[in-house]
Amino acid sequence: MFYWIYDIPNWQLAAMISGGFVLIYWFGAILISPILRRLVRSTSGSNDVVGYILSSFGVFYGLLLGLIAIAAHQNYTNVEDAVAREAIALSALNQDSKAYPEPLGQNLRWVLRDYCRYVIKYAWPLQQKGIVPEGGRVRVTAFHEKLLSFEPQTIREEIIHAETLRQFNNFFECRRMRLQAVTTSIPPVMWYVVIVGAFINLVIVWMFDMRLMTQFTLGGLLSLFLGTMMFLIAAMDNPLRGEVSVSPAAFELVYKVMMDDAY
Amino acid sequence: MPTRNKTLKKIQSGRPTRRDWLKQSAKAVALASLPGCERLIPVGQTAVKVGLLHSQTGAMAISETSLRDAGLIAIEEINAAGGVLGYPIEAVVEDGRSRFVDEFPRKARKLLSEDNVVAVFGCWTSASRKAVLPLFEKLKGLLFYPVQYEGNESSKNIIYTGATPNQQILPALDWFTSKAGGAHKRFYLVGSDTDYLYSRTANFIVKKYLESLGASVVGEEHATLGQQDFKDTVEAIKKSDADIIFSTITGDSNVGFYGALAAQGITADKIPVVATSVGEDELRSLLPSQVQGHYSAWTYFQSLNNPQNKRFVELWKREFGNDRVTDDPIEAAYTQVYLWKLAAEKAGSFDVDKVRKALGSITDFDAPSGKVKIDPKTQHMFKRFRLGRIREDRQFEIVHESADWIAPDPYPQMSFPGWKCDWTHNGITEGEPVQI
Numbered sequence: 039m040f041y042w043i044y045d046i047p048n049w050q051l052a053a054m055i056s057g058g059f060v061l062i063y064w065f066g067a068i069l070i071s072p073i074l075r076r077l078v079r080s081t082s083g084s085n086d087v088v089g090y091i092l093s094s095f096g097v098f099y100g101l102l103l104g105l106i107a108i109a110a111h112q113n114y115t116n117v118e119d120a121v122a123r124e125a126i127a128l129s130a131l132n133q134d135s136k137a138y139p140e141p142l143g144q145n146l147r148w149v150l151r152d153y154c155r156y157v158i159k160y161a162w163p164l165q166q167k168g169i170v171p172e173g174g175r176v177r178v179t180a181f182h183e184k185l186l187s188f189e190p191q192t193i194r195e196e197i198i199h200a201e202t203l204r205q206f207n208n209f210f211e212c213r214r215m216r217l218q219a220v221t222t223s224i225p226p227v228m229w230y231v232v233i234v235g236a237f238i239n240l241v242i243v244w245m246f247d248m249r250l251m252t253q254f255t256l257g258g259l260l261s262l263f264l265g266t267m268m269f270l271i272a273a274m275d276n277p278l279r280g281e282v283s284v285s286p287a288a289f290e291l292v293y294k295v296m297m298d299d300a301y
Numbered sequence: 084m085p086t087r088n089k090t091l092k093k094i095q096s097g098r099p100t101r102r103d104w105l106k107q108s109a110k111a112v113a114l115a116s117l118p119g120c121e122r123l124i125p126v127g128q129t130a131v132k133v134g135l136l137h138s139q140t141g142a143m144a145i146s147e148t149s150l151r152d153a154g155l156i157a158i159e160e161i162n163a164a165g166g167v168l169g170y171p172i173e174a175v176v177e178d179g180r181s182r183f184v185d186e187f188p189r190k191a192r193k194l195l196s197e198d199n200v201v202a203v204f205g206c207w208t209s210a211s212r213k214a215v216l217p218l219f220e221k222l223k224g225l226l227f228y229p230v231q232y233e234g235n236e237s238s239k240n241i242i243y244t245g246a247t248p249n250q251q252i253l254p255a256l257d258w259f260t261s262k263a264g265g266a267h268k269r270f271y272l273v274g275s276d277t278d279y280l281y282s283r284t285a286n287f288i289v290k291k292y293l294e295s296l297g298a299s300v301v302g303e304e305h306a307t308l309g310q311q312d313f314k315d316t317v318e319a320i321k322k323s324d325a326d327i328i329f330s331t332i333t334g335d336s337n338v339g340f341y342g343a344l345a346a347q348g349i350t351a352d353k354i355p356v357v358a359t360s361v362g363e364d365e366l367r368s369l370l371p372s373q374v375q376g377h378y379s380a381w382t383y384f385q386s387l388n389n390p391q392n393k394r395f396v397e398l399w400k401r402e403f404g405n406d407r408v409t410d411d412p413i414e415a416a417y418t419q420v421y422l423w424k425l426a427a428e429k430a431g432s433f434d435v436d437k438v439r440k441a442l443g444s445i446t447d448f449d450a451p452s453g454k455v456k457i458d459p460k461t462q463h464m465f466k467r468f469r470l471g472r473i474r475e476d477r478q479f480e481i482v483h484e485s486a487d488w489i490a491p492d493p494y495p496q497m498s499f500p501g502w503k504c505d506w507t508h509n510g511i512t513e514g515e516p517v518q519i
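The listed protein sequences derive, respectively, from chains Y and F.
End of the first sequence = 301 in the numbering used here, gap-free, step of one.
End of the second sequence = 519 in the numbering used here, gap-free, step of one.
Wrong hints could be hidden among the right ones.
[To be verified] Within a straight-line C-alpha distance of at most 30 Å, the following computed DSSO-like cross-link-like pairs (lysine-lysine) qualify:
#: 1; chain 1: F; residue 1: K460; chain 2: Y; residue 2: K159
#: 2; chain 1: Y; residue 1: K294; chain 2: Y; residue 2: K184
#: 3; chain 1: F; residue 1: K393; chain 2: Y; residue 2: K159
#: 4; chain 1: F; residue 1: K400; chain 2: F; residue 2: K440
#: 5; chain 1: F; residue 1: K291; chain 2: F; residue 2: K314
#: 6; chain 1: F; residue 1: K437; chain 2: F; residue 2: K460
#: 7; chain 1: F; residue 1: K193; chain 2: Y; residue 2: K159
#: 8; chain 1: F; residue 1: K440; chain 2: Y; residue 2: K159
#: 9; chain 1: F; residue 1: K400; chain 2: Y; residue 2: K136
#: 10; chain 1: F; residue 1: K262; chain 2: F; residue 2: K239
#: 11; chain 1: F; residue 1: K400; chain 2: F; residue 2: K460
#: 12; chain 1: Y; residue 1: K184; chain 2: F; residue 2: K503
#: 13; chain 1: F; residue 1: K132; chain 2: Y; residue 2: K167
#: 14; chain 1: F; residue 1: K393; chain 2: F; residue 2: K429
#: 15; chain 1: F; residue 1: K437; chain 2: Y; residue 2: K167
#: 16; chain 1: F; residue 1: K314; chain 2: Y; residue 2: K184
#: 17; chain 1: F; residue 1: K503; chain 2: F; residue 2: K290
#: 18; chain 1: F; residue 1: K460; chain 2: F; residue 2: K291
#: 19; chain 1: F; residue 1: K400; chain 2: Y; residue 2: K294
#: 20; chain 1: F; residue 1: K321; chain 2: Y; residue 2: K294
#: 21; chain 1: F; residue 1: K454; chain 2: F; residue 2: K400
#: 22; chain 1: Y; residue 1: K184; chain 2: F; residue 2: K193
Since the hints were derived computationally from the structure, they do not count as laboratory data.
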């Protein structure tokens, strides 16, 4: 939806969302608040009623925000876990390939190294733009092709080959999970509810009968916090995009080991 | 201060900033308004697209994957230095899947029609090159072909950066029939039907040339795609009493061929093999004990001792690992990207015709193999012949080198009488019909 927000540095995004909320609140406090207050002033002790409504609403909205924040964090953790598992499986495959006769073993390691380099140099920047990288597929196919060309001659080779194939399937599964995560995000309908809820929060606070400066200060603080929560969820949503995203550090570590092995 | 640091970090990471995007968009609009460029850089596109078309899977992947890598590191280097005409290069990489007559043309068409690439760097086998050639001519694309080939071809839309027979095969035959090369007289030709065209045409030229040198061909065999069993071939070689084997076998069939030679006791001191498709990259799949002492004819070897090559080999190993090697097609695949860049800059455009014409005026590019230039008449490259003997460490000892670079001739006259080409004037002049 609003993917352009991931091209903005975090501090700018935070300032934009939180500042935006505060400005909207202040704007409403001047223009909308007097109208709303007129609507609720007919009842004596209107602030008590508004306060009661706000606290009831706050409970539900707080729960919703909390759950969504946890969901976003869970998404992020899942993707981080999938990336780590893929890197570990890659490393295990690299290790297994050392048991194959040369030059097949070396050819297998070269394809894996090439795959790792591709993921770090090419796939990651594409993922950060929300594009599912396709160049890894051909490298995985090349590896699988080479692996299947091997015909074990001894029981030892049979066991190693079976284990490598099992590891390859594990690696393939993790890779699929990473690729799926490129488009993983909180559903738009949830964002809709969150934004509508935030707006209702502001509307209720506008209904308080307060001096303008008090409105500005208290309402401003509440808006700032709401904005900060929005920023937090937005930043953690889409785990492979923006500054708060899963990094290729796990692959970099494996690549370093692979390159060191080449010496 | 944080803003500055963040921008600096973005620049260092190579990610475009908004300022970069605006600058590139402005450039795209300006360049797109120039005549001849309107189809090349769509407005708003912030990079110039080039295609890399090689087999990354299948029988030829063993050789062709490295050519893709060579193209990629040249592009990475150029991008790091600011791109071409202010644009970063975006590589669109396609896999020909070692299916020369169906997959290669399909991918070439995609690159030219859908991706709108301004140039394609690709192919290895002549079969794949021949299959994509009509598409490049029809869709007015530009293909850079980096592998030595059999000649007997010239296209306005192809730039041939590999060696022609008179830069590789004929000097090798000259040397092996000379006293210095052992004065060999009885040649056995082995080829590969992986690439029917290359082996058949190369052997046709070899036979004609050996005739003129007073040597003879005592036998000829061609392997099928991916063939590993060469027992019968080697037995036939032994029976023929050949004193040298001339091999145009490509791909991983070389593993089986050299294995069979060693198994039947044929070593380099008994019957040497001179190969035209075995470089350092192929040697890594071959056992040194089976290939040591045999020869390869090329225009580049990793062991070349010059500063450009040292830098290139260092870059290659740094990017892909210390156990990776460079070879002749890899060097050509790397060099040709730079030649295209220089030509585009000289032409001030990515337009195919302008780039093609500008290529002929580049005379001083320091490639890892030495100074190179494109002959505007044939659109092939001037190259220096080199003959290498395989060492135990899977590298080559350069045993012979031509005194100067050799002008390319895709139509050696003793094989293709009357045929010539001159793309600065009339194009191809047809000579006598030739039956190969």
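Verification of the hints:
| no. | hint | verdict |
| --- | --- | --- |
| 1 | F:K460 <-> Y:K159 | 39 Å, violated |
| 2 | Y:K294 <-> Y:K184 | 23 Å, holds |
| 3 | F:K393 <-> Y:K159 | 24 Å, holds |
| 4 | F:K400 <-> F:K440 | 34 Å, violated |
| 5 | F:K291 <-> F:K314 | 28 Å, holds |
| 6 | F:K437 <-> F:K460 | 15 Å, holds |
| 7 | F:K193 <-> Y:K159 | 24 Å, holds |
| 8 | F:K440 <-> Y:K159 | 34 Å, violated |
| 9 | F:K400 <-> Y:K136 | 20 Å, holds |
| 10 | F:K262 <-> F:K239 | 40 Å, violated |
| 11 | F:K400 <-> F:K460 | 36 Å, violated |
| 12 | Y:K184 <-> F:K503 | 43 Å, violated |
| 13 | F:K132 <-> Y:K167 | 18 Å, holds |
| 14 | F:K393 <-> F:K429 | 27 Å, holds |
| 15 | F:K437 <-> Y:K167 | 34 Å, violated |
| 16 | F:K314 <-> Y:K184 | 24 Å, holds |
| 17 | F:K503 <-> F:K290 | 20 Å, holds |
| 18 | F:K460 <-> F:K291 | 25 Å, holds |
| 19 | F:K400 <-> Y:K294 | 13 Å, holds |
| 20 | F:K321 <-> Y:K294 | 49 Å, violated |
| 21 | F:K454 <-> F:K400 | 22 Å, holds |
| 22 | Y:K184 <-> F:K193 | 27 Å, holds |
The structure does not agree with the numbered hints 1, 4, 8, 10, 11, 12, 15, 20 stated previously, though it agrees with the rest.
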